[in-house]
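*Asks:* If you read the sequence shown in the UniProt record's numbering, its first letter stands for residue 1, the second for the next number, and so on.
Simulated from the structure, these hints should not be mistaken for laboratory data.
Do not take every clue at face value.
What the hints assert, rightly or not - Label-pair restraints from in silico Cβ distances:
(1) 48 / 5: 13 to 21 Å
(2) 49 / 9: 30 to 38 Å
(3) 48 / 13: 26 to 34 Å
(4) 50 / 12: 26 to 34 Å
(5) 1 / 47: 16 to 24 Å
(6) 12 / 49: 30 to 38 Å
(7) 42 / 14: 17 to 25 Å
(8) 11 / 32: 14 to 22 Å
(9) 47 / 15: 15 to 23 Å
Backbone N, C-alpha and C define an ideal beta-carbon position, used for all residues, glycine too.
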Amino acid sequence: AECCICLATYEDGTELCALPCNHHFHSTCIIKWLRIHATCPLCKYNILKGSD
Numbered sequence: 001a002e003c004c005i006c007l008a009t010y011e012d013g014t015e016l017c018a019l020p021c022n023h024h025f026h027s028t029c030i031i032k033w034l035r036i037h038a039t040c041p042l043c044k045y046n047i048l049k050g051s052d
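Using the sequences plus the hints, can you model the full thing?
*Replies:* Spelled out as structure tokens, the structure:
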């Protein structure tokens, strides 16, 4: 599997972060993403508002 933000393959021991929508990303990638966007980069789930 790969991180859809940086497109790098997940390596063993890499710290991953799962969002409430159950999509996974490198922790550093998703932290940077969420500083700019409030949504999952894959499904646009709104992290702040929940599923509405």
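*Asks:* A separate judgement is required for each hint: does it hold in the structure or not?
*Replies:* Hint-by-hint comparison with the structure:
1. 48 / 5: 13 to 21 Å: The hinted range 13 to 21 Å holds for residue 48 and residue 5, with Cβ atoms some 19 Å apart.
2. 49 / 9: 30 to 38 Å: 32 Å, holds
3. 48 / 13: 26 to 34 Å: Given about 31 Å between the Cβ atoms, the range holds.
4. 50 / 12: 26 to 34 Å: Given a distance of about 33 Å, which is inside 26 to 34 Å, the answer is holds.
5. 1 / 47: 16 to 24 Å: Given a distance of about 21 Å, which is inside 16 to 24 Å, the answer is holds.
6. 12 / 49: 30 to 38 Å: 35 Å, holds
7. 42 / 14: 17 to 25 Å: About 18 Å separates the Cβ atoms of residue 42 and residue 14, which means 17 to 25 Å holds.
8. 11 / 32: 14 to 22 Å: 18 Å, holds
9. 47 / 15: 15 to 23 Å: 18 Å, holds
The earlier numbered hints are all upheld by this structure, with none contradicted.
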